[in-house]
Amino acid sequence: MASPVVADRPAVTPRPGRRRRPGFGRSDRLVGYLLITPALIYFVVFLLYPAMAALYYSFTDWNLRSPASWVGLQNYSDLLFEDVKFPHFWKSVQVTVQYTLIAVPLTLITALGQALLVNAIRRGSNLFRLLLFLPVVTAEAAVGAIWRWLYDPQYGLINAILGLFGIPKQNWLNTPELVIPALAFIAAWQCGISMIIYLAGLKGIPDSIREAATIDGAGPVQRFWKVVVPMLRPTTFYLVVTGVIAALQVFGLVYVIFSAGGGRSVTGGPEQSGLMYVLHLYLFAFRYDAMGAACAMSFLLFLLIMIVTALQFKFLKQEAA
Amino acid sequence: MIRRVTGTVAVAALLAGLTACGGSEEAAGSTTLTYWMFQDRTPQAGEVVEKIRTDFEKANPGVTVKIVKIPKDDYNTKLGSAVAANTVPDVGVLDQPLVARYAMDGTIKELPAGTVNEADYFEGALNTNRYNGKLYGLPVDHTAVALFYNKKLVPTPPKTWDELKQMSDAIHKADPKVAGIVVPKGDGYGAWMWPGVVHGAGGEMVDEANKKILFDQQPAVDALQLWVDLLPSSPRDITDSEMAFANGLAGMMISGPWDVATIKDQFPELDFNVAPLPYKTTPAGNIGGENAVVFSKGQNADLAWKWLKHLTSAENNTIYAQALGGFPINKAAAERDAGSFGEQQQGFLEQLKVAHARPAVPEWIQINDEIIAPAIEAALSGKVTSQQALTDAATKTRALLGWNS
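Here the protein sequences come in this chain order: A and B.
All residue numbers for the first sequence refer to full-length UniProt numbering, where the first residue is 1 and numbers rise by one.
All residue numbers for the second sequence refer to full-length UniProt numbering, where the first residue is 1 and numbers rise by one.
Check the hints yourself; a few may be wrong.
[Stated by the list, open to error] Some chain B residues near chain A, calculated using beta-carbon distances under 10 Å: (1) N76; (2) D105; (3) I238; (4) P362.
No wet-lab data here; the hints were simulated from the structure.
It should be emphasised that the depicted structure is a prediction, and the values quoted were computed from it without experimental measurement.
Just so it is clear, CB atoms sit at the ideal spot from N, CA and C, and this is done for glycine as well.
For reference, chain B alone in the conformation it holds in the complex (with noise of 0.2 Å):
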């Protein structure tokens, strides 16, 4: 294993090496801008994303892009690598929960005041380029969970909390081999959605500003509570099969807009629709997607802002989103280009209005995972109250951080 793992290490960075060099050659009156993204979903997002980067040429006579791309999944491990060894691109898209530690360490350049109107920006948006109030990046696209329901056993999508159970208790009543609602685990995807519902309750996970937790509150509660009230119609053994709601074993799920494309494709006589969260006092979801950001150690950071202006632009950002399989974060774009969305879409669409960022703290990834995801199993698997497993989890979080309330 020390093997492997230290040989993983010793060729991603020899590989990272060899790809990313030439971020900074400069000809007699020419620039070369590099900037990484993830590799095209399918060929047609290839062909947008090379008519955006020639508009882009053609606007900027003497500009030359130079796009890098890399698949999702080695992405930040190439990345991490890339700043280790200095060859960073001067632009890259970064994950949201890496700005803040990004940030932190000086890897990534502030967005210049005022070179961007916020306004025409999502809030939520925007706010995962946030490390202690301030801008660290952009977004380029994003996407968040919305509910899916089948269209059988669900006449009209449940808007409020009580609606929802009171929809899940139907459909199992009806049917006692289909569940109610896949309810999400507690692992570490289950965790990243959770907060979306906590925000339904009017909560917040934390007050940055004030080193305060604030998911051991009654919003929070009420949210996993919710959870562990659906489980007795949405039972495990229905919903922990394969595809369960494509299958039309459960009437309900929480998912992405990825899993659209997947269940037309292999259940095209299943009819669906997605809805926004239900929630109990504000409508309110969760976020994802890519942001991009400016490497301090790059070069041409004022064109490298423009270049992110250009992606983001209320002319080509619904076209980029939509090639890197999210949706766009300017608003305009959004408005103008809603018809351009499926059924399907619009639900997902609707939901990221009200978006809201993760934690803008470094350690977010590893308290979703190993503090807030066992949280969630514990009380979903009744060995604790949805209280007793909030406190616990907000304790060990104020340890690890070592914040006082």
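So that you can see chain A by itself, here it is in the shape it has in the complex (with noise of 0.2 Å):
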């Protein structure tokens, strides 16, 4: 680590009329890694070198058992191209994908609906933030037990409420159409950081902004599509980044959602039509013996991760204007 560069040489006061950095003397740095020290120690152990690894064996066909013997890109160019030993990987891309386009705006509605009106109402607020994010908090096994009542086909909840509105009655995790929508829905109803960091957002936008556009004339609705939703860009956009990435990650859900009866296996629910790029993986690399070939698959996530992330840098705004 660090330390040991630092620590053979001798720590000197620095002499007053050298110091340019006020503060930052040489004993003071080593002070300063040593502080650091656990921290990196942590990403270095449990991080950089499992991920390093991670790469390395993505190059090799290993089961965990036998020794890794080295393939090459094979892992790589069978996962896109060969279907014979991956039927389901695009599948899984697909299921993946779609259910990001769908949960990430439908979260991002929801939290900055839900931050409006936590903003607004002067009394309680603190009452209504907390039951809010207690889905945040609530342990995923536990989710996932009670959103399977809630779409139940028989006595949930969600159809009882729609046939308030005279919808008929689905069956929502067994329909393959309708499995990436109630999922989605459930990533909407788990959004309260995003609602914490958009009622903070709302905060920081200056009263003397609002009153100046009301006093120019300004209703609600165009003070809201005006000002608050621009000067909201830089966290909105935060948000889109950070929900991408987790959305191309979701796992505990579906894995919980989707597991049957007495059975372990978890296929991805109707037609694979909840398989999930992560539990596609997880199923290699702990179910099928493949552990090579989902660490190739981790990386192909990773760079999928960084292109979409990159995109979103330079064609999403990311200014307050």
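Got two chains here, each in a separate frame; can you build the complex from them with the hints?
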């Protein structure tokens, strides 16, 4: 780590005259390095080393038991082009992208709506903030179990509510076309973190600007579109980027929702309609004995996320206007 | 994600390294045998295991058996990491479908000839330990799915497929809000049950010795068509409801003994029983449960086999299997102790006499999940015929395995 490099130099107190940056003398630097050492060790042992090891294993055929054998780019080319070995790879990409395209906007709209409401009420906003945040801190297994009941085709609350509007009962989690919207709806329900960040963004809009707009004759709708939305642009940009990254990696919820009865086999819902990328990766890593291919999948996902994020930085407006 | 997966792997490997140490410490005159198994389901099960352990130590002076209990959900990951890190136990439980894989790469030892009398064990259970015709472990317990039926709706359980279809029709006709039977789904779980139906029509899934796929032939097509034919009297809108059978929304379902306890606990008023699966030509069923194997890199192989004989002996096997939540694989034990099983468990005892092992193909789990399950789903959703679905699935399986027929 960094500390030995620093330690072989004597820690001298810098002379005041030579000091360029106050507060960053050598001994301070040593203390600084010492302070970040735990974080660095954590980073290297639990993130950097495993990530590098995964990169290596992505070029091998490895079942976790026998020694890994080098296969070069074969895992990657098989994943992309070999339908026999990975019949559902592209399906999992498609499912995940569809989910992301629905879940991220839905989450942001819900979060902004909730933030506006919480921001508007005078009394009890703490209580509502807590209630709206609860879904985020609820254990994923419990969330999955609850939503299985809510989406139940016979007794589910969702169907009961839709029934009030004359919409016929749907078999949400067992109809291939409805699985992704149903999962995206759960994500929107869990938008608490985005809501809190939007709330902070709203608090950051100076009252003077709103007042000025009001004086200029802007109504509430105009104020929302011409003042609030543009002023929140950096917040929205941040939430879109992190939201897309998270949505592309969704796993726990689908794992719980589609785990069947006594069997532990999770094949991603009806006709693989809920086979998220990371669920597919997990199955190859821990169920089908193909850790090498699973590592390659994780790097393909890494590349995809990097490209998507770069595109977002290039094409989305980041500055408040 | 990359972070998470690789992090998990690293943590798993570290944990395995920490917990799996001391597989072979040998003090003067004493031998320690390390045995890995699933965590106890109940405190009582723990006591049973403890008694079996101390009995073995008494009968073998100088031997200590160290039992490491691991939660079932983490077991395979942990074992895989231990194998990779060379910290395997001497002997341990292994999921049935993993035996072929572990045997293929030499991770586990072949059972020495003459160690056991094969006729003492149920054939289906013993066969789950075979790879290339040789035994690589012993079954310690087994389980299967059978037909649950609501006694109010089903006075006598159907024995044949025709009776099953008639019964299902009759139930749904009598009350359109009630389904005849919960038809399994085209997922990994349904694909695990389905071979039991195929065997019930006299069919086989594959012929490993001659590298032939057989699940595209008539018995398998008939088995899939049976499920398709049951759907009109068993609409998914009803059966997809959580606990449809327990709620009285379906007259029958196919499930395993784990559901007996759940239903009795949560739906005490439901009057139900369990019967063997209906069949077309031959009574048959599928199989699940645990095997135990001896690891090539472990120590004390002779003692390890002796321990497994102890667990599967006529004397101990019933209590050990019950502790694991399954049924005895030792015929004498099963016969003698049948009375110690509850009313509903009798159906499973009966079913297990005709259980068939799943194909001993190392890639079977993947074929089960990725090829057979979607084929079942395609036929059940009406997108293709049963024959077409299975013909496609067989073609894909041949391509994956490199088999010609």
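Structure-based check of all given hints:
Residue-level restraint check for B:N76 holds (minimum Cβ-Cβ distance to chain A is 7 Å; threshold 10 Å). With a least beta-carbon distance of about 5 Å to chain A, the hint placing B:D105 at the interface is held under the 10 Å criterion. Because the smallest distance between the Cβ of B:I238 and any Cβ of chain A comes to about 7 Å, under 10 Å, the interface hint for this residue holds. Hint on B:P362 holds. Least Cβ distance to chain A is approximately 8 Å, under the 10 Å limit.
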